[in-house]
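Asks: Keeping their order, the protein sequence lines are chains E and L.
Mapping of the first sequence onto this note's numbering: position 333 corresponds to residue 333, and the numbering continues sequentially without gaps.
Mapping of the second sequence onto this note's numbering: position 269 corresponds to residue 1269, and the numbering continues sequentially without gaps.
Please keep in mind that the hints were generated in silico from the structure rather than gathered at the bench.
Even glycine gets a Cβ: it sits at the ideal position worked out from N, Cα and C.
One should not assume that every hint holds.
[Claimed, not checked] With the Cβ distance kept under 7 Å, some of the chain L side facing chain E (calculated, not the full set): (1) Asn1211; (2) Tyr1213; (3) Gly1357.
[Unchecked claim] Derived contacts from chain E toward chain L, CB cut-off under 7 Å, selection only: (4) Ile76; (5) Lys202; (6) Ser204; (7) Asp228; (8) Gly413; (9) His417; (10) Ile423.
Number of protein chains: 2
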Amino acid sequence: MINVTETKTDMDVINKIMSRNQIEFEEINRIVEEILANVKKNRDDALRDYTLKFDRVEIENFLVSQAEIDEAFNNIDQGLKEALLNAKKNIEKYHEKQLIQSYYLKEGKDIILGRLVNPIEKVGIYVPGGSAAYPSTVLMNAIPAKIAGVEEIIMITPPGKDGKIKDSILVAAAIAGVDKIFKVGGAQGIGALAFGTESIPKVSKIVGPGNIYVAMAKKRVSGYVGIDMIAGPSEILIIADEMANAKFIAADLISQAEHDEMAASILLTDSRNLAEKVVEELAKQVEKLERKEIINKSLNNYGAIIITSNLEESIEIANQIAPEHLEILTEDPFAVVEKIKNAGAIFLGEFSPEPVGDYFAGPNHTLPTSSTAKFSSPLGVDDFLKKTSLIYYSKEALKGIKESVIQIANDEGLTAHANSVKIRFEEEV
Amino acid sequence: MINVTETKTDMDVINKIMSRNQIEFEEINRIVEEILANVKKNRDDALRDYTLKFDRVEIENFLVSQAEIDEAFNNIDQGLKEALLNAKKNIEKYHEKQLIQSYYLKEGKDIILGRLVNPIEKVGIYVPGGSAAYPSTVLMNAIPAKIAGVEEIIMITPPGKDGKIKDSILVAAAIAGVDKIFKVGGAQGIGALAFGTESIPKVSKIVGPGNIYVAMAKKRVSGYVGIDMIAGPSEILIIADEMANAKFIAADLISQAEHDEMAASILLTDSRNLAEKVVEELAKQVEKLERKEIINKSLNNYGAIIITSNLEESIEIANQIAPEHLEILTEDPFAVVEKIKNAGAIFLGEFSPEPVGDYFAGPNHTLPTSSTAKFSSPLGVDDFLKKTSLIYYSKEALKGIKESVIQIANDEGLTAHANSVKIRFEEEV
């Protein structure tokens, strides 16, 4: 099932795993283009047609009513509701520390500079439907937007064949402070958020995960509206030494593998003994699990146990991979953290398995995949803020520095730039 | 020359101007693909071939030597050098306030959460050559990277036919703290930074402006490496009332128009009298300027004076346009600022013309164009930082919340996620 290798310099297995990605099919691209154009032109009518075609349900009114939300609160398991409320509290507490304020630099009354921080006015959140309808997606995307001060948070999600949205999704949206929820999904939903329709307001930025149609539609409208990153398939990397518990490691590799067949699960360890135990545990545990078919495919294709010569080498390879999720299961995980340069989220020690971060602890679960942690970051409050520079110079202040500006402008051959300063000090004609 | 209109509801002129953009030519795309593939395969050899073909010069050693930098310091006009040093000081002072630190949240010894902030390790800066070789580009891109703590800042810029780089570019790079400068430009330069060659190190992020080949190459490698935004053509919007000085306004519209034929210059004013004076001034001033051909074309195609019914309406339209540069030339510009929601940079009052910000004041001149200020921000220190989440739970802490995690995992149908928590509390077999 899982690939076991001990090559230390040959990164072939790793390279194969890290270059896996959603493929762009010409055909899908063509369909997405057509859907977007149709939504732009025919608006709600187009949405109704596509919802009938793809979601197999006729939707008259896309907006989820207060009555539907109330019903979801009645139906939901009270323990689950409490769990979501507790998760919300943790996510809020963690993200509130990311809020930044405007700043100013003043030199007397003559110079005022500033960086103004404002929330993006309207934001759209895409939440997948069907088997990938996760309330945690709602919390992780809506709460940072709310903390940023976004005026209107619009959520869209495809309805089931019964025209309904899953209870936990509606409850999560309500507790996270989503302003409006619309029953529409797919590329058509992305088009609706980007262009606006009779029912659905145009937003300035769209965030949230989705299938290949949603991802390509987001890519397509990007630049016209803002988008978060197009996430690749999910991955976990575990660094473990001989002290680590093989049972826990196997469970964590499997929990990643159950996401989908493209998910990657990698163990780096300097202990051959541990590696062998993990292989045994994997076989034992997979058998008992509901999603074992997906798990086996994912481990076969993109699972790997790599035996390294020592912990230092494990760390070096981890930094090269820049994994989305990194678990450190070593004797002193905090000492290892200091050497990690590239990762989306780091989970430390035996009792911090990835699902704690996926749902509950507070940090965002939208993380950079496919080595992009080398240059990008978890979703956060900053993704819903934008900045504007401010420059004020008095006449005196401009007079004092005008020669510098003119000199640089002339060097750049932009004489009209120089002129716009000069003209302010010419004698009136 | 400039378009004058007074329509208040019909946004046709504005829409035409704001939807102007660099067009993607199939042919250019094909060429860029070919160049990137060649650089990936043949590395330095490919760079040499393209440099001979496009820049008409044979380059043996791409790396700019210390002797060349010393020579640039000898050659440069001392006033210009001083101006660049002063600009550097201002840019540093403004951007230093953007540096953010890691934060931690602890609950006793049982829970530690954190957001680790690290600089991106290696960054590449593209600086255009020829008539668009601007030392201000160097300062505005390199200084925020330096403040972020980037370990290695690599700059690339195309050589002249004599194989040399402009003095002011080399001096700006040296004073901004660029680590290495290479003589290579175009799509081949972007390919070199993205893939690495024998001479040029692979970087994790590429920033800086460039022509259509450079822009399309950046778009192409985006995701594989990080990039800053692909900037559209530049634009200025001026809000003025009847108190404003027509001469200054005309000079500022023109200074924008001289950039290139795609640049847009828009005046919104509620004073017909002022509008007429600006039209006269434009005609008078353009005649005297070196780049008058470009200026006239730009004003013809993408210049507009729009007479609004009042200041409020001017503000409303400005927010809809979300201009890259916004000058406020009204009786009380600070009162207007409070109502501006969307803009890249705001210039307040009669003595804060745009060139002060382009070169000198401190805020970055890389700004969101084409209405993207609705969701994006000036280049800043943050663009060179990346964040990693940190999660530690003790056994006790995990025990306390495990039911919540299991409940959400089960609702999401991810039973292996639930299992990775459960297994940690099973009796040892």
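Asks: Now look at each hint and say whether the structure bears it out.
Replies: Hints, verified against the model:
Violation of the interface hint for Asn1211 of chain L is found here, the shortest Cβ-Cβ separation to chain E being roughly 16 Å, above the 7 Å cut-off. This hint is violated: Tyr1213 of chain L has a C-beta 18 Å from the nearest C-beta of chain E, more than the 7 Å allowed. Proximity of Gly1357 of chain L to chain E holds as hinted, the smallest CB-CB distance being about 5 Å (cut-off 7 Å). The criterion of a C-beta within 7 Å of any C-beta in chain L is not met by Ile76 of chain E, whose closest approach is roughly 9 Å, and the hint is violated.
Using the Cβ-Cβ criterion of 7 Å, the hint placing Lys202 of chain E at the interface with chain L is not satisfied: the shortest such distance is roughly 10 Å. For Ser204 of chain E, the suggested interface contact is upheld, since its CB lies about 4 Å from the closest CB of chain L, less than 7 Å. A hinted interface residue such as Asp228 of chain E counts as satisfied when its beta carbon comes closer than 7 Å to some beta carbon of chain L; here the least separation is about 11 Å, so the hint is violated. For the restraint placing Gly413 of chain E at the interface with chain L, the shortest Cβ-Cβ distance is roughly 6 Å, inside the 7 Å limit, so the hint holds.
Contact between His417 of chain E and chain L, as hinted, is supported at the beta carbon level, the nearest pair being about 4 Å apart and thus within 7 Å. A cut of 7 Å between beta carbons decides the hint on Ile423 of chain E: the least distance to chain L is about 5 Å, and the hint holds.
Consistency note: the structure conflicts with the earlier hints numbered 1, 2, 4, 5, 7.
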